[in-house]
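What follows is each chain in one-letter form.
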Amino acid sequence: MNILGISCHYHDAAATLIRDGGIVAAAEEERFTRRKHDPAFPENAVAFCLKQGGLDIGEVDALAFYEKPLIKFERLLTQHVQHFPRSFMVFQRAMPSWLTEKLRVRKLFKKKLGYRGDVFFLEHHLSHAAGAFYPSPFDEAAVLTVDGVGEWTTAAMGMGRGTQLELHKEIRFPHSIGLLYSTVTAYLGFSVNNSEYKVMGLSAYGDKNPVSNPYYTKLKQVIDLKPDGSFQLDMSYFDYEFAERMPSKKLCDHLGGSPRKPEDPVTSRHENIAAAVQIITEEAVIAMLRQLHRTTQCPNVVLSGGVALNSVGNGKILSQTDFQNVWIQPNAGDGGSSMGTALYVHHALFNNPRQIASPNHTLHHPYLGPSFSSDEVESFLRGQNIVHHRFPSREKLLDETANLIQSGKVVGWFQGRMEWGPRSLGARSILANPCDPNMRDILNLKVKHREIFRPFAPSVCVEDAPKYFECDDPVPLPTDFMLMVYPVRPEWREKLPAVTHVDGSGRLQTVRRETNALYYDLIKTFGGLSGVPMLVNTSFNIRGEPIVCTPEQAYRCMMGTGIDCLVMEDFIIHRGENMKDTWDSESVAKD
Amino acid sequence: MARQSLLGDIWGFLRVRKVWWLLPTIIVLLLMGVLAVASQVPYLAPFIYALF
Amino acid sequence: MLNSVVPEPVEGPVRNILHRIDKGLRIVLKPFQIVSNFILFTVAYFLGVGLSSIFYRLGNKSKTIPPDSYWLDVPPAPKDRDSWLRPF
Chain A
1 MNILGISCHY HDAAATLIRD GGIVAAAEEE RFTRRKHDPA FPENAVAFCL KQGGLDIGEV
61 DALAFYEKPL IKFERLLTQH VQHFPRSFMV FQRAMPSWLT EKLRVRKLFK KKLGYRGDVF
121 FLEHHLSHAA GAFYPSPFDE AAVLTVDGVG EWTTAAMGMG RGTQLELHKE IRFPHSIGLL
181 YSTVTAYLGF SVNNSEYKVM GLSAYGDKNP VSNPYYTKLK QVIDLKPDGS FQLDMSYFDY
241 EFAERMPSKK LCDHLGGSPR KPEDPVTSRH ENIAAAVQII TEEAVIAMLR QLHRTTQCPN
301 VVLSGGVALN SVGNGKILSQ TDFQNVWIQP NAGDGGSSMG TALYVHHALF NNPRQIASPN
361 HTLHHPYLGP SFSSDEVESF LRGQNIVHHR FPSREKLLDE TANLIQSGKV VGWFQGRMEW
421 GPRSLGARSI LANPCDPNMR DILNLKVKHR EIFRPFAPSV CVEDAPKYFE CDDPVPLPTD
481 FMLMVYPVRP EWREKLPAVT HVDGSGRLQT VRRETNALYY DLIKTFGGLS GVPMLVNTSF
541 NIRGEPIVCT PEQAYRCMMG TGIDCLVMED FIIHRGENMK DTWDSESVAK D
Chain B
1001 MARQSLLGDI WGFLRVRKVW WLLPTIIVLL LMGVLAVASQ VPYLAPFIYA LF
Chain C
2001 MLNSVVPEPV EGPVRNILHR IDKGLRIVLK PFQIVSNFIL FTVAYFLGVG LSSIFYRLGN
2061 KSKTIPPDSY WLDVPPAPKD RDSWLRPF
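Protein chains in written order, with this note's numbering: chain A, 1 to 591; chain B, 1001 to 1052; chain C, 2001 to 2088.
Rather than coming from a laboratory, the hints here were simulated on the basis of the structure. Built from N, CA and C at the ideal position, the CB exists for glycine as well. Where hints are given, some of them may not hold.
Stated by the list, open to error - Each computed DSSO-like pair below joins lysine-lysine, with the alpha-carbon atoms no more than 27 Å apart:
| # | chain 1 | residue 1 | chain 2 | residue 2 |
| --- | --- | --- | --- | --- |
| 1 | A | K250 | C | K2061 |
| 2 | A | K111 | C | K2023 |
| 3 | A | K316 | A | K409 |
| 4 | C | K2079 | A | K226 |
| 5 | A | K107 | C | K2023 |
| 6 | A | K524 | A | K409 |
| 7 | C | K2079 | B | K1018 |
| 8 | A | K107 | B | K1018 |
| 9 | C | K2023 | B | K1018 |
| 10 | A | K111 | C | K2030 |
| 11 | A | K107 | C | K2079 |
| 12 | A | K107 | C | K2030 |
| 13 | C | K2030 | A | K112 |
| 14 | A | K446 | A | K495 |
| 15 | A | K446 | A | K208 |
| 16 | A | K112 | C | K2061 |
| 17 | A | K107 | A | K51 |
| 18 | C | K2023 | A | K110 |
Claimed, not checked - Simulated restraints, written as ranges between beta carbons of each label pair:
| # | chain 1 | residue 1 | chain 2 | residue 2 | range |
| --- | --- | --- | --- | --- | --- |
| 19 | A | S236 | C | N2060 | 18 to 24 Å |
| 20 | C | S2036 | A | D224 | 42 to 48 Å |
| 21 | A | K220 | B | G1008 | 44 to 50 Å |
Unchecked claim - Here are some, though not all, of the chain C residues that point toward chain A, as calculated from beta-carbon distances under 8 Å:
| # | residue |
| --- | --- |
| 22 | F2032 |
| 23 | Q2033 |
| 24 | F2038 |
| 25 | I2039 |
| 26 | R2086 |
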């Protein structure tokens, strides 16, 4: 049975194809259209999924959509009605796309895909929950979903057992931890729905002590958080129900002034506000998880929703709750719901058993996107007259790459199938030496063009992680997806300057040989040279652009930045040996 | 098989969700839909998705 | 490379001409469309949303007792498969 799952229309449109419960392909639309967080109908992602599965649309047995559009419409209209006439301008902007596209999802599938079969609609948070539970390695798990908002729900708790999954409790709009975080993101001058991770990075510079951080007390007045993790926001501090701004004037006054403009410098006040919202988010999520454990008594928990991408908070789950095992959907935002909705239809609605032991039923790795064979890469390189070097021997390729990294070069790494989710995890990555004290500045200035306060992540082989990081034992599976932040062991902090954040933490990615042998072996080969089997791993993109997908995009990214060389399948391409492309990354770098 | 038309969906939605007070808005919007946006409206990237 | 996996629509000459006419008309009529849409949605807002807000305020009295917990019960998921075919 072939099921296509689709999420779109708000942000991070994506498609997933499953066959008999096994995950065949999954990708976000942004990777094809090159528009970051592209919300548009994922025609390209669907085309890729079908091609990967060797199917045409007529062979798809069911299509699953990640939301109930009419219930979301009800919520939006209710907002307009409740806030009449203040919501007039937003009504003008929002309604046309509802009438043309968002209410006509079935018609859209027919028109854009030629699909004429059944379309199943799941609630937004059920799709999130399914995306966390069904691909997890657990037969039974408690489920927590937390995001901005779906139809009405902003957070939900439930339980998955075998093929069945139910949500039991929820928090409803306008009360939302995700929207609280986004509001502070907007207040701090970063883009909503895109730059929440910058606030998380910035929070490490602020005062993490709730007693001495004055903004913690101020933000606590905005939220009524109960011991069971439920909460309500004081909506007088927020305008997002009816206007195209998130904080209200009252919140701005409360936090001591108007919102920061993007071009303004970041001050210690901003750092403390970021720290305060991070602490409150962690408190809320941990309280929800404790309540979830009290009610389910299950040792396993799975998480999804945008807030589950908060890796700083995730690193505290096992130490601060009674759960023994955790799994998080690597694409925990809305994109991952395309996977959840398809799997729910397969297991819960058609009652097909789960096969946890089967490799493509449990999501052991995120490599679900397009790949390009060595022949395709060579054809591209030859077609563009690009000077390249072929390394048919795997060992020689690894030796050469490790040598380049050891000598201080910044290396673009393009191998195998593209990652699913927002993180580069060793398929479309920029790699560098974590021990080089200048590497953070080199990467920031030459390649990433990003804020100096944001940390870089390390990749380390899973068995080596406890040597360098104070992580849970055994190392939790979500670290494979770079979703947990742990303290770097004090004795290694100075030796790993490129990947140790200002508070001594690191957002590590653990690598297993069974899921990415080439990358694992590269880390080990580099370790043989440097004495530290670890690499800086940052996403292969220019700031403001999605992660690269094709060889052409990878090459253009290298030529437009300070990346020194590109290791693409069997080939190494040196920037210095090729004509400087006219493409200028500085001109396109944006938020 | 559930109803497949938009009008059928909306009728079912009002009946199941019992949000009858939305009826005036929905009727007027449907009329607008016929009159106004028969052609494609450029896709607006939602800045604040809670409102879109 | 990969972007080419999306098949181009098959277009005959007549369809092609009609498509170009449609495209041209859209460009010419765009300013009129923006103005007319603004007017129509203004009417929709003040008539439709305005009326709905009166009914809403009549029918929904605010409840202000703070509970011990803000968790709300989620209604059980429907058992029959057909109900999942509804977009609501």
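Structure-based check of each hint:
Restraint check: the Cα-Cα separation between K250/A and K2061/C comes to about 26 Å, which is no more than 27 Å; the hinted pair holds. A C-alpha spacing of about 18 Å is found between K111/A and K2023/C, which places the hinted pair at or below 27 Å, so the restraint holds. With a CA separation close to 34 Å, the supplied pair K316/A and K409/A exceeds the 27 Å bound. For the hint pairing K2079/C with K226/A, the CA-to-CA distance comes to about 33 Å; that exceeds 27 Å, so the pair is violated.
For the suggested pair K107/A and K2023/C, the alpha carbons sit about 22 Å apart, so the restraint of at most 27 Å is met. For the given pair, K524/A sits about 18 Å from K409/A by alpha-carbon distance, which is consistent with the 27 Å threshold. Pair hint K2079/C plus K1018/B holds up; C-alpha atoms about 21 Å apart against a cutoff of 27 Å. As the CA atoms of K107/A and K1018/B are separated by approximately 25 Å, the hinted pair is consistent with the 27 Å bound.
A C-alpha spacing of about 42 Å is found between K2023/C and K1018/B, which places the hinted pair above 27 Å, so the restraint is violated. Distance hint between K111/A and K2030/C is fulfilled; the C-alpha atoms sit about 23 Å from each other, no more than 27 Å. For the suggested pair K107/A and K2079/C, the alpha carbons sit about 26 Å apart, so the restraint of at most 27 Å is met. Of the supplied pair hints, the one linking K107/A and K2030/C holds, its CA atoms being roughly 24 Å apart against a limit of 27 Å.
This hinted pair checks out: K2030/C and K112/A have alpha carbons roughly 24 Å apart, not beyond 27 Å. About 22 Å separates the Cα atoms of K446/A and K495/A, which keeps this hinted pair within 27 Å; it holds. For the given pair, K446/A sits about 31 Å from K208/A by alpha-carbon distance, which is inconsistent with the 27 Å threshold. With a CA separation close to 44 Å, the supplied pair K112/A and K2061/C exceeds the 27 Å bound.
Between K107/A and K51/A the CA atoms are separated by roughly 23 Å; this keeps the pair inside 27 Å, and the hint holds. Simply put, K2023/C and K110/A have alpha-carbon atoms about 22 Å apart, close enough for the 27 Å limit, and the pair holds. Look at S236/A against N2060/C: about 19 Å separates their beta carbons, and that is inside 18 to 24 Å. Evaluation of the 42 to 48 Å hint for S2036/C and D224/A yields a pass: the beta carbon distance comes to about 46 Å.
Taking the beta carbon of each, K220/A and G1008/B are about 48 Å apart, inside 44 to 50 Å as hinted. Because the smallest distance between the Cβ of F2032/C and any Cβ of chain A comes to about 15 Å, over 8 Å, the interface hint for this residue is violated. Given hint, Q2033/C at the interface with chain A, is violated; its Cβ is 10 Å from that chain's nearest Cβ, farther than 8 Å. Look at F2038/C: its Cβ gets to within about 7 Å of chain A, closer than 8 Å, so that hint holds up.
Using the Cβ-Cβ criterion of 8 Å, the hint placing I2039/C at the interface with chain A is not satisfied: the shortest such distance is roughly 10 Å. Taken as an interface hint, R2086/C checks out: its beta carbon lies about 6 Å from the nearest beta carbon of chain A, inside 8 Å.
Consistency note: the structure conflicts with the earlier hints numbered 3, 4, 9, 15, 16, 22, 23, 25.
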